[in-house]
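Enquirer: Residues per chain, in single letters:
Protein chains: 2
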Amino acid sequence: MGESWVNSAAVLGSDLHLELGGPGSRRAALIRALREAVRTGRLAPGTKLPPYRSLAADLGIARNTVADAYAELVAEGWLSARQGSGTRVAQRAEPLRPAHSPAPRPPAARPVHNLLQGQPDAASFPRTAWLTSARRALTAAPNDAFGPGDPRGRPELRRALTDYLARARGVRTDPERIVICSGFAHALRLLFGGPASGGHPVLGGPLAVEEYGLEFHRSLLEAAAVRTVPLPVDERGACTDQLSALPNVRAALLTPAHQFPLGAPLHPDRRAAAINWARSTGSPVLEDDYDGEFRYDRQPVGSLQGLDPDHVVHLGSVSKSLSPALRLGWMVLPEHLVEPVLAAKGEREAWASATDQLTLADFIECGAYDRHVRSMRLRYRRRRDRLVDAVAASAPHIAVSGIAAGLHAVLELPAQDGEQDGERGEEAALRAARWQGLALDGLTAYRHPEATGPARHGLVVGYATPPEHAFGTALEALCRALPGRRG
Amino acid sequence: MGESWVNSAAVLGSDLHLELGGPGSRRAALIRALREAVRTGRLAPGTKLPPYRSLAADLGIARNTVADAYAELVAEGWLSARQGSGTRVAQRAEPLRPAHSPAPRPPAARPVHNLLQGQPDAASFPRTAWLTSARRALTAAPNDAFGPGDPRGRPELRRALTDYLARARGVRTDPERIVICSGFAHALRLLFGGPASGGHPVLGGPLAVEEYGLEFHRSLLEAAAVRTVPLPVDERGACTDQLSALPNVRAALLTPAHQFPLGAPLHPDRRAAAINWARSTGSPVLEDDYDGEFRYDRQPVGSLQGLDPDHVVHLGSVSKSLSPALRLGWMVLPEHLVEPVLAAKGEREAWASATDQLTLADFIECGAYDRHVRSMRLRYRRRRDRLVDAVAASAPHIAVSGIAAGLHAVLELPAQDGEQDGERGEEAALRAARWQGLALDGLTAYRHPEATGPARHGLVVGYATPPEHAFGTALEALCRALPGRRG
Chain V
1081 MGESWVNSAA VLGSDLHLEL GGPGSRRAAL IRALREAVRT GRLAPGTKLP PYRSLAADLG
1141 IARNTVADAY AELVAEGWLS ARQGSGTRVA QRAEPLRPAH SPAPRPPAAR PVHNLLQGQP
1201 DAASFPRTAW LTSARRALTA APNDAFGPGD PRGRPELRRA LTDYLARARG VRTDPERIVI
1261 CSGFAHALRL LFGGPASGGH PVLGGPLAVE EYGLEFHRSL LEAAAVRTVP LPVDERGACT
1321 DQLSALPNVR AALLTPAHQF PLGAPLHPDR RAAAINWARS TGSPVLEDDY DGEFRYDRQP
1381 VGSLQGLDPD HVVHLGSVSK SLSPALRLGW MVLPEHLVEP VLAAKGEREA WASATDQLTL
1441 ADFIECGAYD RHVRSMRLRY RRRRDRLVDA VAASAPHIAV SGIAAGLHAV LELPAQDGEQ
1501 DGERGEEAAL RAARWQGLAL DGLTAYRHPE ATGPARHGLV VGYATPPEHA FGTALEALCR
1561 ALPGRRG
Chain F
1081 MGESWVNSAA VLGSDLHLEL GGPGSRRAAL IRALREAVRT GRLAPGTKLP PYRSLAADLG
1141 IARNTVADAY AELVAEGWLS ARQGSGTRVA QRAEPLRPAH SPAPRPPAAR PVHNLLQGQP
1201 DAASFPRTAW LTSARRALTA APNDAFGPGD PRGRPELRRA LTDYLARARG VRTDPERIVI
1261 CSGFAHALRL LFGGPASGGH PVLGGPLAVE EYGLEFHRSL LEAAAVRTVP LPVDERGACT
1321 DQLSALPNVR AALLTPAHQF PLGAPLHPDR RAAAINWARS TGSPVLEDDY DGEFRYDRQP
1381 VGSLQGLDPD HVVHLGSVSK SLSPALRLGW MVLPEHLVEP VLAAKGEREA WASATDQLTL
1441 ADFIECGAYD RHVRSMRLRY RRRRDRLVDA VAASAPHIAV SGIAAGLHAV LELPAQDGEQ
1501 DGERGEEAAL RAARWQGLAL DGLTAYRHPE ATGPARHGLV VGYATPPEHA FGTALEALCR
1561 ALPGRRG
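Protein sequences appear in the order of chains V and F. Taking the numbering used here as reference, the numbering of the first sequence is continuous, increasing by one, and the terminal residue is 1567. Taking the numbering used here as reference, the numbering of the second sequence is continuous, increasing by one, and the terminal residue is 1567.
Because the hints were derived from the structure by calculation, they are not lab data. Do not take every clue at face value.
When chains are identical, the list treats them as one kind, so a pair holds in a single copy or across two.
[Claimed, not checked] Result set (EDC-like, lysine to aspartate or glutamate): computed pairs, CA atoms no more than 20 Å apart in a straight line:
id : residue 1 : residue 2
1  : K1128     : E1156
2  : K1128     : E1152
3  : K1128     : D1148
4  : K1128     : E1295
Construct the entire structure; sequences and hints are all you get.
Expert: So, in structure tokens, the structure goes:
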């Protein structure tokens, strides 16, 4: 590390990175370096430069040299100096983009109304209450909360969830059997995707999945080399009585509170069948409780997990109840799966933000989560009612599938002659909807490629996100897109 | 969904999950259900029960029935009622643990002093300043910040990082070429681990890695079926002039600012060699800038990325500068890798918390991050100085490897006759250290299994985490563990 370095290597002054190479005096070199940094935009307009003393000390040059350089650049117009405000990069026309930087891309064209399912109302995020909890939680947290952390997740949150899930979802667990993760996809990867540092996955496939469900989850499982086997769904939910007929299936993934996306709650007989199958085969049932708190026609049915904590993995998150931007979820595990999941997570797995975990724990404990969910339940229930009423008024031949629950509904298109007709009808409705400026999905996209049950056709309509002033317009547009009654 | 459900299924009152089945009146059933919930701990001591009116409405029973039930349970001691405070579950001896819950595990035995590398001082996390930024950032954020989000990460943070990295690390980029992730391991997975929904990985192996480095990263790559090929390291850093001799290597991972863990900065000639190799082969160089802001003997050398943004992927995070609990990192990408990385990330990949991203953006913009880093730089520099002085005083034959930088130092054990001696010496020193109550690593654990360069032996000592009052004691213990000078 000889002195030949000094002129050619980069030299950092304060937090400013300058290269003082080249001919001439240090003053000239500094002027050149600063001018170049401003010209190419590496120092953005408005950036405050370090005081003479700091920069001089850091560069090993005289303070007057720095002062002279600044003065020169102020005279040239690259910097501006204001009494009491120090020396800053002058505000001027956008600096030349660095050679390698392309022009910013224009924003993608957007539909007028977002009726895609799965998204809660972002405008309703309870910022003030969340910040109040954040302040309390981060102030009170022990120092180790900011250290490397326990792969189980913060104990404060696991305790708060234990109580909350017992009260609200009938989940029977304790803090030592909860593992915090960053959402449902993360949980699936932890269970099936193989551990962080090699070894055996926690669970193996094939995995029985409801024949209508989220394509993203099927892809994720496929990428983890897990085969999914479709299980038919009817008005009582998944046909869990058929589980024992599926060959070699080693786990089952269900949405018992509110079948996604068709909307039936899992009938008690089907719940019993699922538990019996799990007990007799030793294979776990995964309960995706994605919107379990949102039921409008009656009190929510308790979790499947409450029937048999030893055979059910209960998965939940704040993605629907609070925000998908928080990346916060939980896995309530049978005792024997805790250590394997922790091993899969590893010591350095990208688990959820500690600050969000601490904040959510407080948010739950102080009752703010209950209040928020109650408020959202009311809001979404009204949205669903308006949707149902609008469809009943303009297109009474079109049925709204499933129970009054959640953040979406399925509008089933009338039965046609033959499946091809049904698909074409759905495609036509989708085209009409998009023409009306609506973003939404058709039901076919949710169907498992190997499903054998009767195909169903319809539109999957999320109603949580449009702003209040626009929802009526969105509904009108949707109704215009619906096919008329066939003669 | 017939009426036979009502008595046997779970009925949720408010956010309370109760089963009102069985013989007798509704009042008796409610008393039984509440008593059981409290007895088994599903309702924890202190939990506030819903007001009579709410619970009655939700259960479809008379308000007086609820009032009577509460009164009975207060009399029995399960509940307590305080004027103005409502009815709560009584504080009493720890309720029976649910049948399936094992006794809590005792905490693992801990060493007295944590000298493991890689961890910043958790007690120094700037809670107040972070909360100030959180309040500002979350108050000002647009609604879409709480929606599904852009896999690139928040634009506020990408803009703040563009400016900060230019100033502090000489990184040349723009917001459209930064992708936010949840740390270095996440970044490696995004680059090599294959996309979320099948398809081609962004980069393929084999990957050249420095022959001393983090075992966790090698395991991660191995789990992604990426072969790592060791590159020798000497006092000028990685021997990048040997890259072209490595067969078929398709990318290289370096720690140019501060070789991890041996401590040499990458010499300008070696930097040039790396860039030349990248340009002539078209293979990218990955720059792991894990502690680039922490240099104590001179100004930090600018990033490798600044020499050639088209051929270097610059990876950084707040894991060392702020906290590993935040799970916040960034990838500065060559233009042509941006879309492939976004495709690998997918729309629903577990990216970093939006709240943390927004907060960090503000934290950087308002200067708090600079202030914090400066303060930590001073703190860690003093720690390093004390370590060096202590070793110089008690064991002057033991060299401290590498430059004055970062959050760790390597104490190289004196050269022995033959490699076996060196390993035994290191093992003996580790045993002695652990006997002294110290947690730390030996150098051998960091060596690539196929490394061919001369083996080095020593202790990897982190100095950031011990509290101020304990650091002197830790140093004394460390010095006692060091081998004496051989005759």
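Enquirer: Please go over all the hints and tell whether each is borne out by the structure.
Expert: Going down the list of hints, with the structure as the test:
no.	hint	result
1	K1128 - E1156	within (17 Å within a copy, 69 Å between copies)
2	K1128 - E1152	within (16 Å within a copy, 69 Å between copies)
3	K1128 - D1148	within (17 Å within a copy, 69 Å between copies)
4	K1128 - E1295	neither (49 Å within a copy, 41 Å between copies)
Comparing the model with each numbered hint stated earlier shows that hint 4 is the single one that does not hold.
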